[in-house]
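So the protein sequences, as listed, match chains A and B.
The letter at position 83 of the first sequence is residue 83 when you use our numbering, and the numbering goes up by one with no holes.
Count along the second sequence from 1, then add 1000; that gives the number in our numbering.
Heads up, a few of these hints could be off.
What the hints assert, rightly or not - For each label pair, taking beta carbons as the anchor points, the in silico distance ranges come out as:
hint, chain 1, residue 1, chain 2, residue 2, range
1, B, T1045, A, R79, 17 to 25 Å
2, A, V47, B, Q1056, 45 to 53 Å
3, B, R1026, A, G105, 51 to 59 Å
4, A, A50, B, T1053, 29 to 37 Å
5, B, S1031, A, G33, 47 to 55 Å
6, A, A21, B, R1023, 24 to 32 Å
In case anyone wonders, no lab produced these hints; they're calculated from the structure.
The structure presented is a predicted model; accordingly, all values stated were derived computationally and were not measured.
Even glycine gets a Cβ: it sits at the ideal position worked out from N, Cα and C.
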Amino acid sequence: MMSYTTLGGHRRLAATITLVAGGAVAAATWVSGDHSWAIGIAAAFLVLAAVTYIWSGRTGDIAAVLRAGGDERQRGLDRDALALSAQATTVVAVVGAIVQIARTGDPGVFGLFCAVSGVTYAGGLLALRLRR
Amino acid sequence: MRNDVRTRAGRRICPTVNWVSPRVSRQTINSIENGRYLPLLPRATAIARHFHTTAQDVLRSDGKEQ
Chain A
1 MMSYTTLGGH
11 RRLAATITLV
21 AGGAVAAATW
31 VSGDHSWAIG
41 IAAAFLVLAA
51 VTYIWSGRTG
61 DIAAVLRAGG
71 DERQRGLDRD
81 ALALSAQATT
91 VVAVVGAIVQ
101 IARTGDPGVF
111 GLFCAVSGVT
121 YAGGLLALRL
131 RR
Chain B
1001 MRNDVRTRAG
1011 RRICPTVNWV
1021 SPRVSRQTIN
1031 SIENGRYLPL
1041 LPRATAIARH
1051 FHTTAQDVLR
1061 SDGKEQ
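Chain A with its partners taken away, still in its complex shape:
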């Protein structure tokens, strides 16, 4: 009986990103002077990276997404989830900017998020329409 094909990708990818991001957050917390929190954050991200590495070795959809591999359906799941996440972030940024303008007259960091979101979307749309 034939077995299923391994669908490629990089098993260490998600674990490495988790470790790098967690290390950066822990280092920033350490620099701010809260050493016990920094150690806790580093330990939590270490556990998360281990879980991610183990999960990445499995055969399911989420494992394929964690490896940045898989077939076109699994890559589509990743792309759609990412788009959903971006939409949610943009809505929060726009609402936050409106509330901040009403309260202080300055959108603050929400304005930056709105600008990045809008410029990235417009740039992406212009670039992608040339490729498809």
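Once you've looked at the hints, dock chain B against the given chain A.
What follows is chain B alone, placed relative to chain A:
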């Protein structure tokens, strides 16, 4: 879109997934068989080739979007 993948195979094609296409997951084959996922043209062509027919014959529109 609907597809005749399951009825054409006479049985589920999961056990033979490797020769339908070299890079497809068990979950994706399940989704195609159950009509939840419409494969892209290269994949549909590979499935059709497996059944010695055309993609148009395997995947047919029932007037609804997926």
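Now the hints, each set against the structure:
For B/T1045 and A/R79, the hinted distance range of 17 to 25 Å is satisfied, since their beta carbons lie about 22 Å from each other. At about 51 Å, the CB distance of A/V47 to B/Q1056 agrees with the hint of 45 to 53 Å. Distance hint check for B/R1026 and A/G105: the Cβ-Cβ separation is about 56 Å, which falls inside the suggested range of 51 to 59 Å. Checking the proposed 29 to 37 Å range against A/A50 and B/T1053 shows it is violated: the Cβ atoms sit about 48 Å from each other.
Separated by about 51 Å at the C-beta atoms, B/S1031 and A/G33 satisfy the suggested range of 47 to 55 Å. At roughly 30 Å, the beta-carbon separation of A/A21 and B/R1023 lies within the given 24 to 32 Å, and the hint holds.
Of the numbered hints listed earlier, the single one contradicted by the structure is hint 4.
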